[in-house]
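Chains as they are written, first to last, in the working numbering: chain R, 1 to 77; chain C, 78 to 661; chain Y, 662 to 802.
Hints in this document: simulated from the structure, not taken from any laboratory. You may find that some hints are simply not true.
Some chain C residues flagged as far from chain Y (calculated, every beta-carbon gap over 12 Å) [stated by the list, open to error]:
(1) T83
(2) T95
(3) V147
(4) D231
(5) V291
(6) P364
(7) D435
(8) F440
(9) R583
(10) E599
(11) K603
(12) D646
(13) M650
(14) Q654
Listed next, the stretches of chain C that the computed footprint assigns to chain R, with coverage defined by at least 3 CB atoms under 8 Å from CB atoms of chain R [stated by the list, open to error]:
(15) 318-326
(16) 512-526
(17) 553-565
Ideal Cβ positions, reconstructed from N, Cα and C, are used throughout, including at glycine.
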Amino acid sequence: MQITLYLKGPLKKYGDNNDSLTIELEQDQVAINEIIEQLEIPASSISFIQINGEKSDSGTILMGGEIIVVNPRVAGG
Amino acid sequence: MTYTGTVLRIDLTTGKATKEPLNKDWAREYLGGKGLSIKYLYEELEPGIDPLSTDNKLILMTGPTTGTIVPNSGKLAIAAKSPATGTILDCSIGGHFANELKYAGYDAVIIEGKAKSPVYLFIDDDLVEMRSAADLWGKGAHETEHLIADALGDVITLAIGQAGENLLPMACISSELYRQAGRGGIGAVMGSKNLKAISVWGSGGIEVANIRKVSAALNKIKREDTMTDDNMWAYSDGTPMIVDLSQSTGILPTRNFQEGTFDEYEKINSAAVKSTLKAKKACFACPLACSNYVKKGKTEVEGPEYETLALCGSNCAIGDLEAIIEFNRLCDDYCLDTISAGNVVAFAMELTEKDVHDFGIRFGEIDNFLKMPGLMANREGVGADLAEGVRAMAEKYGGGDYAMQVKGLEIPGYEPRGSWSMGLAYGTADRGACHMRAWPAAVEAFGDIDPYTSEGKAELVIGMQDDNAVKFSAIFCDFWALSTERMAEILNMLLDYEVTAAELTRIGERIYNLARLFNEREGFTKKDDYLPERIFKEKLTTGATEGKVLPREDYDKMLAEYYRLRGWDENGMISDQKKKELNL
Amino acid sequence: MNNILERSGFCLKALVFHAEKCIGCKLCHLACSAQNEEIFNPRLARLVITSCYDREGLIVDGQVCDLCLSCVEACPVGAIVEKNGRLSFLEELCTDCGLCVDICPNQVIVKKDKGIGVCVQCKSCANWCPTEALTFEEVKR
Ligand code: SF4
Ligand code: SF4
Ligand code: SF4
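In isolation and in its complexed conformation, chain R is listed as follows (with noise of 0.2 Å):
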């Protein structure tokens, strides 16, 4: 399975600083919290994942096909 992965703002860093990337799976499921893990990015930096528009629990099994967006922690406004 595929799956399209936005690393935002200064979080871009762990995916080799490319705006987006595309990751194909040999599982046909898969938690997003394990892909968060294989490309080393700390859970404290991430605020919270979107999959497909949609603020998302880390635990969310991915079926394929999904778009993910991973926002950094922000602070003041």
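Start from chain R and add chains C and Y with the ligands according to the hints.
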């Protein structure tokens, strides 16, 4: 010790400038910036004064970190009694004024009285001049700064535009063209004193014991704690990054807070802003450089910040970045606070569409939208009504349920129905609806905390308010998410006494309570801590917040808990015990 | 002048400023004054970085010592010396004539009450610069 120990007091009525020692006891209890300026105002202002009269005072306050190499220490606090709300008002402005003032030898400037005719001040180390501003009056802040630079050369200037001269309750003070002390009408206080600008140049420096060792330690902190994942969003994107976050969580104010998502958000989000980026820009001593200097078409600005994109973009249904940039530039030049300006225009649009009153402007109308800053700043045509803010407009024409303000200050860009803690933060902010006293949306709507419960929100908001109060007093910029432990570590490198993190939190609490006490003295009560009816009653209709309100019972619950945890009575009055405890 | 450089037999490195990366934070100025004058005073820095607006828009400009050695040549008493691609200042020889300050094409020599300050390539500025707008690079001549 990094205080200069000197306060400059300028009486515009007599034209006299005098130096006096900084009150060291107060500096110990309130640090500087926000806290210390509020303390001076609390002690020196008579209750009930008219904010636009000669009785009000304008205070420029630095802090113990100002002028040093401490990361993100480039902010200045500017404080007075607010013309918009009648509350205490302290604003934070970036750029290079604060350090320059300190190098000129002053921790603070207290400006009193009123000049007979328009003047500007020039502080050049010991020399303080009151110069005629006859040629500057009537000009925008941008041309004012340029003309002063022509006359004085290398100086840093705080200036007001026409909005300040015309005493608008949303007039701001600007510096280096695009930095603002934005909210609560602080620019009108300058205007009421016939004070067009303040320029400063300082030749001195700040001494610190073991300066090389201290610098090396601070460079390590800068690398390991400032320029990290938590803060580098400011450099990579800046505040426009929040547009996507708010859109996806349904808290992007749209059409005067009728909705929480905007169909055209992709035209005003960070990716759109980045496509117009020319340079990143920082305040003094800041490695994070949140500012985006952008150009699009014929217009340019340092900005637009999230607040501007939200309030002047989605909230007015303007999905055209070039129009927002131009609106932003106009507001900066006239010196209008974009949060209030966006709210006022959106409110006029809704009143017009609902046939309550015809202001001749509807949602999404770019041409009319771009006429508004000039009309407001000069109080011309419909601008005369808009200039007074949404509360006054509602009093005159109706629509009070959706005049989006608290205590008379317009609401920033986070929809409380999708972030209940933000509702409480707006309700209990010392200067009216403000997102800088506490910004719990970061960990709630944008984090793991459930936005739709009143549980735990009071504690969350209080913690942030106290931390921010001390942060804005030390002074650190909002955008470095540093812990009070880190703050203490840094202050201990600079001060001649030791502070702990717990003491700093206590100082924050003291400051927040003193601000409340100021407002209490001005007659503010529990009823002033409420939000507009729209938030309590009207369901949002789109996106992640579809069907959501912030039920009044839940708000009551949060507020009651907030008062209790603060040690205030059920009417929000500070208890005597709390006063004693905090030495108020 | 080239003779001096050749004699030193050294790969010369000097500061280079990259305007497009500079955010105007002035941390470099503070780092330089702290390191060399033991005070935080941007006006005592041995480099001049400006980032400000004029009527045309944002102007970012920087002047740094590029080791042109004009000052070494100009000093009548030999108070500024270059050794191994590094300047140093001998205060006891200086007569406060100010010739070096006037001749420096980059205007980065600081005039003090007593004596002057030249860039000594301590690298404090570059170490502090958050955006790598200041680098040490080989000087090409
Ligand atoms: S200080 Fe000025 S004159 Fe001397 S070597 Fe450096 S750039 Fe040249
Ligand atoms: S290398 Fe050292 S002396 Fe030269 S400008 Fe940088 S900090 Fe100053
Ligand atoms: S430290 Fe770097 S980014 Fe900051 S002003 Fe100096 S050169 Fe520019």
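Here is what the structure says about each hint:
1. No Cβ of chain Y comes within 12 Å of the Cβ of C:T83; the nearest lies about 17 Å off, and the non-interface call holds.
2. Against the 12 Å criterion, C:T95 stays outside the reach of chain Y, whose nearest CB is about 26 Å from its own CB.
3. In this structure C:V147 is not separated from chain Y by more than 12 Å, as the shortest Cβ-Cβ distance comes to only about 9 Å.
4. The claim that C:D231 is not at the interface with chain Y is violated, since a C-beta of that chain comes within 12 Å of its own (minimum 9 Å).
5. With a closest Cβ-Cβ approach of about 8 Å to chain Y, C:V291 is found to fall inside the 12 Å limit, against its non-interface label.
6. The beta carbon of C:P364 sits about 3 Å from the closest Cβ of chain Y, which is not more than 12 Å, so the claim that it is off the interface is violated.
7. The non-interface label for C:D435 is consistent with chain Y: the shortest C-beta to C-beta separation is roughly 39 Å, beyond 12 Å.
8. Residue placement check: C:F440 keeps its beta carbon more than 12 Å from all beta carbons of chain Y (closest about 32 Å).
9. The claim that C:R583 is not at the interface with chain Y holds, since no C-beta of that chain comes within 12 Å of its own (minimum 28 Å).
10. Every CB of chain Y is more than 12 Å from the CB of C:E599 (nearest about 38 Å), matching its label as outside the interface.
11. Against the 12 Å criterion, C:K603 stays outside the reach of chain Y, whose nearest CB is about 44 Å from its own CB.
12. For C:D646, the shortest C-beta to C-beta distance to chain Y comes to about 46 Å, beyond the 12 Å cut-off, and the non-interface label holds.
13. Residue-level check passed: C:M650 sits 44 Å from the nearest beta carbon of chain Y, beyond 12 Å.
14. Distance check for C:Q654 against chain Y: the nearest CB is about 43 Å away, which clears 12 Å, and the non-interface claim stands.
15. Only when three residues or more bring their CB closer than 8 Å to a CB of chain R does the claim for the segment 318-326 of chain C stand; here the count is 6, and the claim holds.
16. With 8 residues bearing a CB less than 8 Å from a CB of chain R, the segment 512-526 of chain C meets the requirement of three and the coverage assertion stands.
17. Only when three residues or more bring their CB closer than 8 Å to a CB of chain R does the claim for the segment 553-565 of chain C stand; here the count is 5, and the claim holds.
Hint check: violations occur at hints 3, 4, 5 and 6; the rest are consistent with the structure.
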